[in-house]
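> Please work from the sequences and hints to get the whole structure.
Chain by chain, the residues:
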Amino acid sequence: MDDFYRDYILDHYRNPRNFGHLEKPDVEAEDLNPLCGDTIRMELNVEGGVVRDVKFFGKGCAISQASASMLTETIKGMKLEDVAKLSKDAVLENVGIGISPTRMKCAMLGLRVLKSAAIGRLASWPDEE
Amino acid sequence: MDDFYRDYILDHYRNPRNFGHLEKPDVEAEDLNPLCGDTIRMELNVEGGVVRDVKFFGKGCAISQASASMLTETIKGMKLEDVAKLSKDAVLENVGIGISPTRMKCAMLGLRVLKSAAIGRLASWPDEE
Amino acid sequence: MTQTLRTPALDPKLARIIADFPILARPTSRGKRLVYLDSAATSQKPRAVIQALVDYYEQYNANIHRGVYEIAERATAEFEAARGKLARFINADMHEIIWVRNATEAINLVAYTWGSTNLRAGDAILLTELEHHSDLVPWQALAQRTGAQLRFIPADERGVLVLDDLDALLDGCKLVAIGHVSNTLGTIAPLDAVIPRAHAAGAVVVVDGAQGAPHLRVDVKALDADFYAFSGHKMLGPTGIGVLYGKRALLQAMPPFDYGGDMIHRVEYRDATFAEPPWKFEAGTSNIADAIAFGVATDYLENVGMDWIREHERALTAYAFERLSEFEPRGLAIYGPRDPAATSGVISFNFADVHPHDLASILDTEGVCIRAGHHCTMPLMNKMGWSATARASFYLYNSEADVDALAAGLEKASKVFKV
Amino acid sequence: MTQTLRTPALDPKLARIIADFPILARPTSRGKRLVYLDSAATSQKPRAVIQALVDYYEQYNANIHRGVYEIAERATAEFEAARGKLARFINADMHEIIWVRNATEAINLVAYTWGSTNLRAGDAILLTELEHHSDLVPWQALAQRTGAQLRFIPADERGVLVLDDLDALLDGCKLVAIGHVSNTLGTIAPLDAVIPRAHAAGAVVVVDGAQGAPHLRVDVKALDADFYAFSGHKMLGPTGIGVLYGKRALLQAMPPFDYGGDMIHRVEYRDATFAEPPWKFEAGTSNIADAIAFGVATDYLENVGMDWIREHERALTAYAFERLSEFEPRGLAIYGPRDPAATSGVISFNFADVHPHDLASILDTEGVCIRAGHHCTMPLMNKMGWSATARASFYLYNSEADVDALAAGLEKASKVFKV
Ligand SMILES: Cc1ncc(COP(=O)(O)O)c(C=O)c1O
Ligand SMILES: Cc1ncc(COP(=O)(O)O)c(C=O)c1O
Numbered sequence: 001m002d003d004f005y006r007d008y009i010l011d012h013y014r015n016p017r018n019f020g021h022l023e024k025p026d027v028e029a030e031d032l033n034p035l036c037g038d039t040i041r042m043e044l045n046v047e048g049g050v051v052r053d054v055k056f057f058g059k060g061c062a063i064s065q066a067s068a069s070m071l072t073e074t075i076k077g078m079k080l081e082d083v084a085k086l087s088k089d090a091v092l093e094n095v096g097i098g099i100s101p102t103r104m105k106c107a108m109l110g111l112r113v114l115k116s117a118a119i120g121r122l123a124s125w126p127d128e129e
Numbered sequence: 001m002d003d004f005y006r007d008y009i010l011d012h013y014r015n016p017r018n019f020g021h022l023e024k025p026d027v028e029a030e031d032l033n034p035l036c037g038d039t040i041r042m043e044l045n046v047e048g049g050v051v052r053d054v055k056f057f058g059k060g061c062a063i064s065q066a067s068a069s070m071l072t073e074t075i076k077g078m079k080l081e082d083v084a085k086l087s088k089d090a091v092l093e094n095v096g097i098g099i100s101p102t103r104m105k106c107a108m109l110g111l112r113v114l115k116s117a118a119i120g121r122l123a124s125w126p127d128e129e
Numbered sequence: 001m002t003q004t005l006r007t008p009a010l011d012p013k014l015a016r017i018i019a020d021f022p023i024l025a026r027p028t029s030r031g032k033r034l035v036y037l038d039s040a041a042t043s044q045k046p047r048a049v050i051q052a053l054v055d056y057y058e059q060y061n062a063n064i065h066r067g068v069y070e071i072a073e074r075a076t077a078e079f080e081a082a083r084g085k086l087a088r089f090i091n092a093d094m095h096e097i098i099w100v101r102n103a104t105e106a107i108n109l110v111a112y113t114w115g116s117t118n119l120r121a122g123d124a125i126l127l128t129e130l131e132h133h134s135d136l137v138p139w140q141a142l143a144q145r146t147g148a149q150l151r152f153i154p155a156d157e158r159g160v161l162v163l164d165d166l167d168a169l170l171d172g173c174k175l176v177a178i179g180h181v182s183n184t185l186g187t188i189a190p191l192d193a194v195i196p197r198a199h200a201a202g203a204v205v206v207v208d209g210a211q212g213a214p215h216l217r218v219d220v221k222a223l224d225a226d227f228y229a230f231s232g233h234k235m236l237g238p239t240g241i242g243v244l245y246g247k248r249a250l251l252q253a254m255p256p257f258d259y260g261g262d263m264i265h266r267v268e269y270r271d272a273t274f275a276e277p278p279w280k281f282e283a284g285t286s287n288i289a290d291a292i293a294f295g296v297a298t299d300y301l302e303n304v305g306m307d308w309i310r311e312h313e314r315a316l317t318a319y320a321f322e323r324l325s326e327f328e329p330r331g332l333a334i335y336g337p338r339d340p341a342a343t344s345g346v347i348s349f350n351f352a353d354v355h356p357h358d359l360a361s362i363l364d365t366e367g368v369c370i371r372a373g374h375h376c377t378m379p380l381m382n383k384m385g386w387s388a389t390a391r392a393s394f395y396l397y398n399s400e401a402d403v404d405a406l407a408a409g410l411e412k413a414s415k416v417f418k419v
Numbered sequence: 001m002t003q004t005l006r007t008p009a010l011d012p013k014l015a016r017i018i019a020d021f022p023i024l025a026r027p028t029s030r031g032k033r034l035v036y037l038d039s040a041a042t043s044q045k046p047r048a049v050i051q052a053l054v055d056y057y058e059q060y061n062a063n064i065h066r067g068v069y070e071i072a073e074r075a076t077a078e079f080e081a082a083r084g085k086l087a088r089f090i091n092a093d094m095h096e097i098i099w100v101r102n103a104t105e106a107i108n109l110v111a112y113t114w115g116s117t118n119l120r121a122g123d124a125i126l127l128t129e130l131e132h133h134s135d136l137v138p139w140q141a142l143a144q145r146t147g148a149q150l151r152f153i154p155a156d157e158r159g160v161l162v163l164d165d166l167d168a169l170l171d172g173c174k175l176v177a178i179g180h181v182s183n184t185l186g187t188i189a190p191l192d193a194v195i196p197r198a199h200a201a202g203a204v205v206v207v208d209g210a211q212g213a214p215h216l217r218v219d220v221k222a223l224d225a226d227f228y229a230f231s232g233h234k235m236l237g238p239t240g241i242g243v244l245y246g247k248r249a250l251l252q253a254m255p256p257f258d259y260g261g262d263m264i265h266r267v268e269y270r271d272a273t274f275a276e277p278p279w280k281f282e283a284g285t286s287n288i289a290d291a292i293a294f295g296v297a298t299d300y301l302e303n304v305g306m307d308w309i310r311e312h313e314r315a316l317t318a319y320a321f322e323r324l325s326e327f328e329p330r331g332l333a334i335y336g337p338r339d340p341a342a343t344s345g346v347i348s349f350n351f352a353d354v355h356p357h358d359l360a361s362i363l364d365t366e367g368v369c370i371r372a373g374h375h376c377t378m379p380l381m382n383k384m385g386w387s388a389t390a391r392a393s394f395y396l397y398n399s400e401a402d403v404d405a406l407a408a409g410l411e412k413a414s415k416v417f418k419v
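These protein sequences, in sequence, are chains A, B, C and D.
First residue of the first sequence? That's 1 in my numbering, and the numbers climb one at a time after it.
First residue of the second sequence? That's 1 in my numbering, and the numbers climb one at a time after it.
First residue of the third sequence? That's 1 in my numbering, and the numbers climb one at a time after it.
First residue of the fourth sequence? That's 1 in my numbering, and the numbers climb one at a time after it.
If you're looking for bench data, these hints aren't it; they were derived computationally from the structure.
Certain hints may be false.
Unchecked claim - With a cut-off of at most 20 angstroms between alpha-carbon atoms, the simulated SDA-like pairs for lysine to any residue come out as follows:
{"no.": "1", "chain 1": "C", "residue 1": "Lys412", "chain 2": "B", "residue 2": "Arg121"}
{"no.": "2", "chain 1": "D", "residue 1": "Lys412", "chain 2": "A", "residue 2": "Arg41"}
{"no.": "3", "chain 1": "D", "residue 1": "Lys32", "chain 2": "A", "residue 2": "Ser100"}
{"no.": "4", "chain 1": "C", "residue 1": "Lys415", "chain 2": "B", "residue 2": "Lys24"}
{"no.": "5", "chain 1": "B", "residue 1": "Lys59", "chain 2": "C", "residue 2": "Lys412"}
{"no.": "6", "chain 1": "B", "residue 1": "Lys59", "chain 2": "C", "residue 2": "Gly385"}
{"no.": "7", "chain 1": "D", "residue 1": "Lys415", "chain 2": "A", "residue 2": "Arg41"}
{"no.": "8", "chain 1": "C", "residue 1": "Lys418", "chain 2": "B", "residue 2": "Tyr8"}
{"no.": "9", "chain 1": "C", "residue 1": "Lys85", "chain 2": "B", "residue 2": "Lys59"}
{"no.": "10", "chain 1": "C", "residue 1": "Lys383", "chain 2": "D", "residue 2": "Lys415"}
{"no.": "11", "chain 1": "B", "residue 1": "Lys59", "chain 2": "D", "residue 2": "Leu14"}
{"no.": "12", "chain 1": "A", "residue 1": "Lys59", "chain 2": "A", "residue 2": "Arg41"}
{"no.": "13", "chain 1": "A", "residue 1": "Lys59", "chain 2": "D", "residue 2": "Trp386"}
{"no.": "14", "chain 1": "D", "residue 1": "Lys418", "chain 2": "A", "residue 2": "Asp7"}
This is the structure:
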């Protein structure tokens, strides 16, 4: 895990991309990791089924916040239906390195919230699918 | 415990003394051993504070029934206040030999009921005093 | 009386099983071989289960779910893996497996949660006359709280349930609670007949599997049981751990039972939301070590094979009927069905006028452990007119030599009591 | 970073204690010494406690109370002897010791039994702002069931309870539930001040002793607590066992909690009467092995001496404050009182903008186990404005070397996170 905290992770943690709120989100969702209290909110603008803009808001550890930050970059311009289908690999490719089982929930929180927004109800945990 | 089942115990078990009911008992009590379901009822006639007659009724193992049977013989003519003070030794002297801890409740059931009758409320277990 | 430690004809598989149970190799204080015929009360434990406890405490003892360090991760993983093992063992989904202390708590959990929210005055709860106190008294209490009424499927004089009036009994019935196997008589309940009819009548079915899961292959999906309750200690697992299986949709709709740490989603000073099942029902620090060891117990059972166990117990019961019948001329009476296929390794009996407690004490001097008393089925005893019975119960580690030791003990009792 | 397994200056008594805990001699997967600083979550277990489990399962595993054979008698005797040990440990009578799974269940038991029968709409339940979810959510649920209202003794910004308005808070209050020691901040509650005033106001007092009993000498008679709840796993005992102490008269008046085998006096099909306390509250097969091992854990604690433990933890906390203060210039913030005499071996802190979970993960790579998160006190975290904290907690087997390892881990985190 100590290898995990690379510069680009810390950069996303300290300077999260697409952080904040949208004026008028079309879809949105929010959840917390009950094991640690980390929260993530995702707000999306969708046009013609395609993600035009996204902002996230939250607080938590470097893993959850950096994962969420990177995800927002991944999904811009993606079809909403494809967002709904994203698997945990999408996150793991972003963060680039193995994460211990307990911290997996941290890494997956952003994706879970994003998928919840895309399908309009609480998505299951990507690491439990 | 195999030494326990001597002839006089079996005799009291199969031919219990003072078994049955009194016409008009002055004091009486009944209880069961919740661990096995054995029951004993004690009925006494008391005159001038002295036990004039006693009958017991019940069902159960040789230890509980023989102990109760012998007890009824012990207490005839005894002062009721002395009955209330009987300790577990009174039973152990009667039955004559060591009893394993779990079976102790069997041996003490009759005495507990008798003491309950004597004091007018449920007595504690003589082996726990 | 001297007994050989192993009979020569011992099946090699059985011999290997016996060797896995350390306690069976320890003589009693009188130097007798331990002949354990009380598995319906609690089972003995194989070395692997005991070792699982030691491994947990010596290698990775840590609280689960929230720790991010290595031993906490391992503890969490093994704890949830054990849940998966239990799920597979009864063909459930792991989200349907709630850890509880024992079958008794499992049944109370249903009574306090599903029962309190779904039963109204006038509704009926249908039980059977064979139930263990743990599958009777919680429903009495629920009936008192809600004003529901209790009904009973009758048992005939051999302890077989009589289903003739089942439709009438099910009329207006919201909940059926039925033991899979009677701990007093060993009779196997006709779940296949009762559960579909209960469902057709709109009732939810709780199966008390305390004596089922240890001895019979259980498939909750095939049974279509709504709840299935059982205890680890009766099936090679440690004391203090059991399982409540519940269908996921039912569990989701139920309110929590105990409240506190680990079962919550979000807590404020005046309000809280709860985790998903099964965690919603697991408040506070779980019995981590024993849950893991229970998982190892099911590994062991699977490895031996539940079908092997069933057949082994059937054969032993048949042999025991044979040996016990030798004493019938001297007043031995066997209760329950005489057909080993209709029962599950439990024989209740009485020997002339020897009280079962006295019988058990005499057998104890020979190292033979049987149970005596009402077996937590006082109403059944009263109904049958037995003040107590002696009970021998078998499990995978018992042998014909154990039955022989029982018979030898009965000979001794016969001498002592002159019957 | 290499760490020596023992610092040379180790006190011989402490060295002997450490040697009693097998897990502390096992290096982590990265080859580091295990530095266990999470005893507030669960404690490690000495060899004697583990051995007690093995002995039970290998020598005398049997169900209790009803068996008349040798191993059942021994199991019953050891089980009830353990109850006696627990009673002595907190200066109670053995009839006042109820075996439960954990502190959480103990508190729920009081809420379901005493609470449901004694609270009415409009009555007040007084808690504190420091309570663990397990001493909060059961009362929320009780308040919802009964219509009672919740009130809170406030905590100041260092986590010290403010008693200024206590009389007003106690007005109309039927029940006070208060943690002996805060698991998040280590603050020791002023029970001596609160309990008499609660009694004067007519309230019954439930003490959540989950963090009290492991660390402080507890005398329930001197405290005059009505109920005292605690868990075995936090005080060298196994998981799955805990104790509810209750004053005998209260226990006698309370209805049962779980219903079933072993807690009854007489059962008929439609009615039942119950055993005396404590057995009235112990339905089904108890966690026999773990209860016995919990008794052995209290033997161990008594042997070391609760006063020695208290002083040891005080000294360690003082040393930890010293070492942690080195990081204050880099943004480390310590929460709770800085006075080791006011706390009990728990330090909560945050390090600059390093999230506690990340800090814990980095410390884990060095073998240092701390907890990170809300510590089951979400409302307190919100009130204080902390999204999470890192928590190091000490017990009798911790040493200054452990604190040094923590400090070394913080150095590493400082490097990784460039703070
Ligand atoms: C103060 C406090 N109360 C209650 C509990 C609950 O203890 P358990 O999880 O053993 O039931 C804990 C344990 O985390 C605690 O620290
Ligand atoms: C049929 C049946 N139901 C329920 C129980 C209760 O099991 P436990 O004591 O493990 O809760 C038993 C155990 O004696 C049983 O035999």
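> Compare the structure with each hint and give your call.
Do the hints match the structure? See the list:
1. About 41 angstroms separates the Cα atoms of C/Lys412 and B/Arg121, which puts this hinted pair outside 20 angstroms; it is violated.
2. A distance of roughly 31 angstroms separates the Cα atoms of D/Lys412 and A/Arg41; the hinted pair therefore is violated under the 20 angstroms criterion.
3. Under the criterion of a C-alpha separation no larger than 20 angstroms, the hint pairing D/Lys32 with A/Ser100 is consistent with the structure, at around 18 angstroms.
4. Restraint check for C/Lys415 and B/Lys24: the C-alpha separation of about 41 angstroms exceeds 20 angstroms, so the hint is violated.
5. Taken as a hint, the B/Lys59 and C/Lys412 pair is broken in the structure, with Cα atoms around 23 angstroms apart against an allowance of 20 angstroms.
6. Taking the CA atoms of B/Lys59 and C/Gly385, the gap is near 12 angstroms; set against the 20 angstroms cutoff, the hint holds.
7. Pair hint D/Lys415 plus A/Arg41 does not hold up; C-alpha atoms about 30 angstroms apart against a cutoff of 20 angstroms.
8. Taking the CA atoms of C/Lys418 and B/Tyr8, the gap is near 13 angstroms; set against the 20 angstroms cutoff, the hint holds.
9. A distance of roughly 47 angstroms separates the Cα atoms of C/Lys85 and B/Lys59; the hinted pair therefore is violated under the 20 angstroms criterion.
10. Pair hint C/Lys383 plus D/Lys415 does not hold up; C-alpha atoms about 77 angstroms apart against a cutoff of 20 angstroms.
11. The suggested pairing of B/Lys59 with D/Leu14 is violated, with an alpha-carbon distance near 59 angstroms, which exceeds 20 angstroms.
12. Between the alpha carbons of A/Lys59 and A/Arg41 the distance comes to roughly 9 angstroms, so the proposed pair stays at or under 20 angstroms and holds.
13. With a C-alpha separation of about 11 angstroms, the suggested pair A/Lys59 and D/Trp386 falls inside the 20 angstroms cut-off, and the hint holds.
14. Taken as a hint, the D/Lys418 and A/Asp7 pair is honoured in the structure, with Cα atoms around 10 angstroms apart against an allowance of 20 angstroms.
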